[in-house]
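Based on the sequences and whatever the hints tell you, model everything.
These are the residues of each chain, in order.
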Amino acid sequence: MEPLNALVSVTNFMLIPAFAYGSQLALGALGITLIYSILRFAHFAHGDTMALGTAAVIGGTFFLQTLGVSIHPLPTALLALPFGMLVLIGYLLITDRLVYRYYRRVKAKPMIFVMASLGVMFVTNGITRLFMGVSETRFEDGERFLFSVRDFREFTGLAEGMALRSSQAITIVTALIVMVVLFWFLNRTRSGKSMRAYSDNEDLALLSGINPERVVIITWAITGMLLVTAGTLYGLDKGFRPFNYFQLLLPMFAAAILGGLGSPVGAIVGAYIVAFAEMGVTYAWRRVFTYLMPEGLEPTSMMQLLPVDYKFAVTFAILVVVLLFRPTGIFKGKVL
Amino acid sequence: MNLTARDLGLFALMGAVLAMVGMFQSPQLAITILNMSLISAIMALGVNMQWGYAGLFNVGVMGFTAVGGLAVVLIAQPPVPEAWAAGGLGIMLGLMLGVATILAAVAVYKAMSPGKMRGAAIFGVLAVGYLLTSYVFGPAKSAVQAVNPASEGYLGGLNMPVILAWPVGAVFAAGVAWVVGKISLGLRSDYLAIATLGISEIVIAVLKHERWLARGVNNVTGIDRPVARPVELQPLPWVQSLAETLGWSLSQTASVVSGLGYAGLFLIVLGLLIWLAERALNSPWGRMMRAIRDNEVSARAMGKNVTRRHLHIFVLGSAVCGLAGAMMVSMDGQLTPGSYEPLRFTFLIWVMVIVGGSGNNWGAVLGAFVIWFLWVQVEPAGRWFMELVTSGMADGSDLKQHLLSSAAYMRLLTMGVALLLMLRFAPRGLIPER
Chain A
1 MEPLNALVSV
11 TNFMLIPAFA
21 YGSQLALGAL
31 GITLIYSILR
41 FAHFAHGDTM
51 ALGTAAVIGG
61 TFFLQTLGVS
71 IHPLPTALLA
81 LPFGMLVLIG
91 YLLITDRLVY
101 RYYRRVKAKP
111 MIFVMASLGV
121 MFVTNGITRL
131 FMGVSETRFE
141 DGERFLFSVR
151 DFREFTGLAE
161 GMALRSSQAI
171 TIVTALIVMV
181 VLFWFLNRTR
191 SGKSMRAYSD
201 NEDLALLSGI
211 NPERVVIITW
221 AITGMLLVTA
231 GTLYGLDKGF
241 RPFNYFQLLL
251 PMFAAAILGG
261 LGSPVGAIVG
271 AYIVAFAEMG
281 VTYAWRRVFT
291 YLMPEGLEPT
301 SMMQLLPVDY
311 KFAVTFAILV
321 VVLLFRPTGI
331 FKGKVL
Chain B
1 MNLTARDLGL
11 FALMGAVLAM
21 VGMFQSPQLA
31 ITILNMSLIS
41 AIMALGVNMQ
51 WGYAGLFNVG
61 VMGFTAVGGL
71 AVVLIAQPPV
81 PEAWAAGGLG
91 IMLGLMLGVA
101 TILAAVAVYK
111 AMSPGKMRGA
121 AIFGVLAVGY
131 LLTSYVFGPA
141 KSAVQAVNPA
151 SEGYLGGLNM
161 PVILAWPVGA
171 VFAAGVAWVV
181 GKISLGLRSD
191 YLAIATLGIS
201 EIVIAVLKHE
211 RWLARGVNNV
221 TGIDRPVARP
231 VELQPLPWVQ
241 SLAETLGWSL
251 SQTASVVSGL
261 GYAGLFLIVL
271 GLLIWLAERA
281 LNSPWGRMMR
291 AIRDNEVSAR
301 AMGKNVTRRH
311 LHIFVLGSAV
321 CGLAGAMMVS
331 MDGQLTPGSY
341 EPLRFTFLIW
351 VMVIVGGSGN
361 NWGAVLGAFV
371 IWFLWVQVEP
381 AGRWFMELVT
391 SGMADGSDLK
401 QHLLSSAAYM
411 RLLTMGVALL
421 LMLRFAPRGL
431 IPER
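Taken in order, these protein sequences are the chains called A and B.
Everything in the first sequence is counted per this note's numbering, starting at 1 for the first residue and increasing by one.
Everything in the second sequence is counted per this note's numbering, starting at 1 for the first residue and increasing by one.
Just so you know, these hints were derived from the structure itself, not from any lab.
Mixed in with the good hints there might be a few duds.
[Claimed, not checked] Cross-link-like lysine-lysine pairs, in silico, DSS-like; alpha carbons within 25 Å at most:
1) B:K304 to A:K109
2) A:K332 to A:K193
3) B:K141 to B:K208
4) B:K182 to A:K109
5) B:K182 to A:K332
6) B:K182 to B:K304
7) A:K332 to B:K116
8) A:K193 to A:K107
9) B:K208 to A:K238
10) B:K182 to B:K110
11) A:K109 to A:K332
[Claimed, not checked] Far from chain A by the CB rule (all over 12 Å, computed), these chain B residues:
12) P167
13) A243
14) L265
C-beta atoms are modelled at their ideal positions from N, C-alpha and C, and glycine is treated no differently.
What follows is the structure, given as structure tokens:
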């Protein structure tokens, strides 16, 4: 019986990674929820747009590296974030101008928007692959660990080690900062308030003199920043592969729906639930239980509920449960 | 069938282009394009039923085609007796236990009144069911997978004629579609899109991972084919004389003949489906579907059960996709779960429907031909374009190398642009709905 070792083990292999993953998902899901409540459609190009923004950041990182600029011990990519944001916001505004604005003007059905976002997804995917190819790109530099397994063992004297990768720490801290700023913006500033008014009741907002095009531009700009941040953090943590970003679409949507589409708080809560569920179900609990159970009763199997390949199944199961029992999500999203 | 002269002209043009491929590139290529176009046309028909008739957005075409493909393995492959002896019983029992667990949970949900007790009871049922299932299923699965893993390691199929797998594939896909539709139809329209996106990823994950089922990423190859293979055709005297008359090599003639055999089969299926679909579309049922699509609220006010009708059409359309998936696997003679990609099997089909003309079956077919042709031909065109762009650059420069190697991704770009342009400037497609 060594509960402390069990706790350390579960923190190291499950809680920290899940928390980092959840933070990345949360930023993405926030974008989905924002687009959904302002532009009123499910943005299918989300994952691939994220990949494009990250690709821009990677380009910026490599450029800075050749110049010899570095902010050691932090990764250079953080310095390239603003550049990536500019590129992606520009890209989003251009697509909005070329694609979505027309459908807004003719008041097309939401499904037409989704279809158009599918086309944008194709194009974005093609552009990203043109630049980056399909193989994995690693762009993490700087210090790898905040503290390593060895440091931790020496410090505490426990048998089980724990490490905190700097990418994980950066992810959690950055995500928190971004969320605080976003909520401050939505609740305290004039633009944020006009966004919320517009999402609440379009006609009323128009009557009170809110310029819808301006709201739309701000929405895309915020989404762009969220996407670049989320994508870069994910890439720092797990490496950059365009296809992985496409696959993030499902967990991001699941998170947004679980929390309630249109509710920013919901998106964040949903993202952490999805991340912890994915990790918890696909994690091999054997080690933890070896520490927890009395001697002689240690588990012999891996104690893994589902193989890692099925982490999408977990997301999907969450989605199904939400759709069956509470289609408005935890925080009562706007529309059913 | 109400085709105008313009529509016929478009089809004739497409035929002429294919004939030109046959003349200038190679006859085999033309036949390959033709066959894949026919299969894509069937998939597009399925999607068109869902989108064009009913306005349902299915983003899981890949999953339904893959399930159809699985049917081919389960029907046509010979069974592996050692594997059945090793763990067949356990696997069957495990599957049944899994289903029983879910049914028991549903029964508990229905029988008890809402509250904490119910939640706890359901959790208990699921937990016990899970433990039982994995206790039975796990060892059986390992035992099956350990049987001759290099070439078998799975249960095999029923050793029945491969043609039978086509309708069975449709039934499999329909079953999956029923579950998905039951859950997500009747809610917001985009929920179906997200749910289908999820189920298609899961279907592929299951196919890749469950090696006892269809060998997972190790692929099942050498599945029986409905048409004689070129190697079997070569010794036949009439093939040899045909080769002489045409002045082609024997192997080329044999593969063209074999390909034409498939084309004939596919044409029969496609013709039958179009006939049925057109009949349905112009029947009272078809009018009702279009009424629901165009104005759900008033259709509901007229007493139509919109959700049920949606479920019907969703299951039907997915079944057609499953049928096409089974046909594709039986043409290739192999099931390769690793090759299923959403961009290729879901989104490309969507481009076909939109470009061809949503709501029009002939449009979907034409779209399938045009888009598949472009899909095949854009890659060499892209390479040519990239070579042109890079011709001024120094040989061996990194940028040139990179641009040349990324020519393959021009396809995605072209398809996306085609979709966006059609959606914006000709939303009714090449052959509009009438």
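Now the hints, each set against the structure:
Note on K304 of chain B and K109 of chain A: the hinted pairing holds, with a Cα-Cα distance of about 22 Å set against a maximum of 25 Å. Of the pairs offered as hints, the one joining K332 of chain A and K193 of chain A holds, with about 20 Å between alpha carbons and a cut-off of 25 Å not exceeded. The straight-line distance between the Cα atoms of K141 of chain B and K208 of chain B is roughly 15 Å, inside the 25 Å bound, and the hint therefore holds. For the hint linking K182 of chain B to K109 of chain A, the alpha-carbon distance of about 23 Å falls within 25 Å, and the restraint holds.
For the proposed pair K182 of chain B and K332 of chain A, the alpha carbon gap of about 22 Å is at most 25 Å, so the pair holds. Restraint check for K182 of chain B and K304 of chain B: satisfied, since their Cα atoms lie roughly 17 Å apart, inside the 25 Å limit. Among the hinted pairs, K332 of chain A with K116 of chain B is consistent with the structure: their alpha-carbon atoms are about 21 Å apart, no more than 25 Å. For the given pair, K193 of chain A sits about 24 Å from K107 of chain A by alpha-carbon distance, which is consistent with the 25 Å threshold.
Our distance criterion of 25 Å between C-alpha atoms is met by K208 of chain B and K238 of chain A, whose separation comes to about 22 Å. Of the supplied pair hints, the one linking K182 of chain B and K110 of chain B holds, its CA atoms being roughly 17 Å apart against a limit of 25 Å. Among the hinted pairs, K109 of chain A with K332 of chain A is consistent with the structure: their alpha-carbon atoms are about 23 Å apart, no more than 25 Å. Its beta-carbon lying about 28 Å from the closest one in chain A, P167 of chain B satisfies the requirement of being farther than 12 Å from that chain.
No beta-carbon of chain A is positioned within 12 Å of the beta-carbon of A243 of chain B; the least distance is around 41 Å. Separation of L265 of chain B from chain A is adequate, the least Cβ-Cβ distance of about 32 Å exceeding the 12 Å criterion.
Comparing the model with each numbered hint stated earlier shows that all of them hold.
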